[in-house]
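A.B. asks: Could you build all of it, start to finish, from the sequences and the hints given here?
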Amino acid sequence: MTAPAHLLADVVAARAELGWRLQLAFAGLHPDSVRGLLEAHGAAGAVRRVTESGRHSARARQAAAVPAPQRVAQLAGVGIDVVFRGEPGYPPHLEELPDGPDLLFVRGRLPSTDPAVAVVGTRRCSAYGRNLAMAYGRAIAAAGWVLVSGLARGIDGAAHRGTVAAGGVGIGVLGCGLDIAYPREHKVLRDQLIDGGGAIVAEYPPGTPPEAWRFPPRNRIISGLARAVVVVEAAIKGGALITAAAALDQGTSVFATPGDIGRDSAAGTNRLIRDGAHPVLDPADLVAELELILGPARRSHSPQLKWDWAGISPAQLAVSRHIPVAAATSLLAQAEVAGELVRRGERYYPTGGEPAAGR
Amino acid sequence: MFARVTSVALVGVDPRPVQVEVHVTNGGKSVFSIVGLPDTAVREAKERVRAAFRTTGTRFPAGRVVVNLSPADLPKAGSAYDLPIALGLLAAINAKQSGAADVVALGELGLDGTVRPVRGGFGAALVGRDLSRRVVLPTASAADACVLEGSDVVGVATLPEAVAGALGGGAPQTPAPASPPPAGPDIAEVRGQLAARRALEIAAAGGHHMLMSGPPGVGKTMLARCLPGLLPPLSAEAQLEVALAWAAAGLSRFGQAEPPFRSPHHSATGAALIGGGSGVPVPGEVTLAHRGVLFLDELGEFPAPLLAALRQPIEDGRVVVARKGSTVTYPSAIQLIAATNPCPCGFRDDPARSCLCSPGAVDRYRARLSGPLLDRFDLHVGLARVDHQLLAGPPGEPSTAVRARVVDARKRQTSRAALNCELSRVAMDAMAWTDGAATLLDRAVEVHRLSPRGWNRVRRVAVTIADLDASEAITADHVAESLGYRLA
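Chains A and B supply the protein sequences, listed in that same order. Note that the working numbering numbers the first sequence so that position 134 is 134, with each residue one more than the last. Note that the working numbering numbers the second sequence so that position 313 is 313, with each residue one more than the last.
These aren't lab readings, by the way, just hints derived from the structure by calculation. All of these numbers come straight from a predicted model, not from anything done at the bench. Treat each hint with caution, since some may be false.
Stated by the list, open to error - Chain B side only, calculated, beta carbon under 10 Å to chain A, not exhaustive:
hint : residue
1    : L37
2    : G192
3    : A199
4    : P344
5    : F347
6    : A361
7    : R364
8    : R368
9    : L369
10   : G382
11   : A384
12   : E446
13   : I465
14   : Y485
15   : R486
Stated by the list, open to error - Computed footprint of chain B on chain A, listed as stretches where at least three residues anywhere in the stretch have a Cβ under 8 Å from a Cβ of chain B:
hint : segment
16   : 124–130
17   : 307–320
18   : 339–348
Every residue, glycine too, gets a C-beta built ideally from N, C-alpha and C.
C.D. replies: Laid out in structure tokens, this is it:
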């Protein structure tokens with residue numbers, strides 16, 4: 001549990017060093033630069049260096065020059081809290097990373113003690129991957145674990161949606177300022193995460209625009225917050241594999257779902273498996289594997305494989321069961337109303353949710 | 001000296017008789033005037049008639065010639081009044097030819113006295129039949145017009161021939177050897193796509209508007225083209241409506257029992273799609289598709305204002321084209337079939353391929369489709385790529401077999417006031433829904449967050465499915481299948 005926002009003022013007022021660190025964070029530099037400056041010059045020295053050396057942009061110089069109390073007031077105004085490395089409230093797993101962020105901006109409640117699992121993948125995913133990610137998110141939430149992801153489009157967002165649907169707790173790690181609605185279509189999802197007892201976090205100050213170079217460093221936070229990383233669908237190049245690589249560096253277990261050989265968006269996960277990642281199959285299998293690392297799940301996932309995870313269309317069902325297509329359509333639509341399936345395009349996919357009556 | 005020839009003007013697509021009255025006064029200053037709301041083309045008839053008289057060896061009367069087109073408040077346009085004016089003039093100045101006025105005539109005159117084809121021949125034949133008069137038309141127009149049973153149409157190539165024809169000479173025009181109507185494809189040719197074929201059958205049975213979505217090249221257009229072959233044949237009355245609508249656009253379509261199929265391209269203008277245009281208003285594609293199918297391929301590519309303009313014709317079954325001082329109404333009772341890709345690249349919902357569109361592009365693509373037009377589609381069906389086994393497999397049912405079921409289902413609907421696609425909430429409330437059906441509907445409203453309108457759409461389609469099933473009661477199975485065609 002982080003310190004309530006109104007206490008940030010007291011904390012910063014009491015410790016001048018924290019004030020300097022906050023000022024430095026607002027410069028919006030690359031995490032490597034921040035770490036280098038702090039190691040070489042200390043907090044106060046680093047701020048002086050940024051504002052006076054002329055090696056940084058005018059915007060960074062001006063931003064770093066704004067005094068800490070003013071920043072604290074600004075953060076309080078937008079409901080954003082800060083946790084500092086080495087101080088109470090900072091996630092213990094990040095503390096262990098040599099390149100962990102110096103501080104984190106937090107909106108919501110940062111659950112620091114519950115076991116967390118990261119689910120990541122490509123933004124350009126297939127309907128199959130999107131749906132599986134959502135089912136994983138549900139299963140992890142139902143097991144009582146925290147789900148960490150990047151709140152990006154595609155797999156990340158789908159996993160978060162699964163968490164929200166199952167009433168679980170999730171943490172979204174952003175690569176931009178917490179007040180920037182990026183991606184725009186996930187604005188509601190971010191609010192749902194916070195309302196559900198989770199949080200969105202970033203090491204970049206409010207107002208930081210989403211720039212491509214800021215995203216790879218944030219992946220180390222995703223893997224750092226989690227005790228296991230699940231890659232659902234990923235190409236060879238992309239953020240998901242960076243997260244997996246960071247997880248391996250940090251000694252965190254990596255899981256990957258196998259996909260078709262030759263499909264771009266499965267090449268990354270297949271390579272991970274070849275290189276030694278644990279292959280995982282359906283959500284029940286994932287939960288069983290995770291229990292070995294995280295301890296028993298609050299609620300085990302009932303492995304009811306009534307429907308194929310690959311999805312099925314009415315025509316396929318009709319052909320395979322030798323029934324009229326009208327009857328197949330009727331059957332699938334009833335399962336959808338029952339909450340077992342969800343339709344995307346012409347196919348129906350399992351939700352991973354339990355058949356619920358009247359929900 | 002006076003003569004009166006009947007001609008025709010179009011009000012919307014309806015032909016109305018127009019009296020061409022000619023009055024000639026001998027002596028005095030030589031004057032030729034046309035009154036009764038003529039447009040420029042009509043007014044120029046003076047010069048064409050005068051020259052045609054001279055070249056065919058008839059002396060143009062000296063003195064005062066007044067032509068009145070009555071009813072005088074109906075605007076008249078085009079060159080088709082040349083022939084009736086000439087016939088009236090001849091009847092007025094030559095007692096021996098006074099019988100030449102007792103006809104319905106339409107045609108443009110060349111300066112050399114030839115009679116040239118014009119639009120509206122079919123309407124003239126209709127007016128002639130109603131008035132039991134002979135119809136004198138340019139040869140090319142006569143061929144289209146004489147297919148109307150009970151009409152007496154004579155086709156003429158020159159002004160003297162027209163006079164002879166009007167006086168009873170000349171053989172009545174016989175229809176050009178009817179070319180077999182170009183039939184649409186048979187649904188047996190569509191391999192695979194079982195779900196879409198079933199949805200098309202339901203659409204045909206209930207007259208529902210249908211939206212298909214799926215990647216490019218899966219046969220959306222082919223399926224749409226099959227629909228006219230699944231619909232019940234047009235009644236004689238409906239065939240006449242279609243013929244009139246087409247005749248107003250200068251096209252000929254009579255005696256074809258298969259409902260028309262029109263598929264305008266998404267680059268079509270508003271006037272081409274809805275009707276209107278500069279000068280004389282012309283019916284658009286929605287009117288040409290009257291009593292038939294309007295197919296909009298790549299619905300997302302149509303400009304938004306055009307799609308918005310389609311709503312009223314679809315809803316009301318008629319198009320009102322407003323003009324300065326007057327409005328024109330065209331019929332547009334159409335069944336709308338539309339096709340769209342799920343995103344610009346088409347692979348958004350594909351299980352195996354990744355979509356390459358930027359999310360913004362997908363949003364914009366979908367936003368264009370959203371809104372009130374989507375509300376018109378009772379059925380939504382997704383199409384997938386067909387695997388090769390199905391492509392090589394045996395052909396499905398032929399159109400005739402499907403049509404037989406559609407006709408049966410429509411028979412069940414005749415006892416109700418309307419086709420299923422027009423069923424009101426109240427009418428549906430009174431139907432026999434089983435308890436299971438009611439429970440499932442309630443659950444669906446909750447789970448899918450169905451709007452009241454969406455709820456009614458699901459019920460309407462369920463009624464059609466029950467009709468196809470020859471079932472009086474609407475069961476949970478019918479409702480469930482209908483939910484499968486819900487607009488997700």
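A.B. asks: If you test the structure against every hint from before, which numbers come out violated?
C.D. replies: 1, 4, 6, 7, 8, 9
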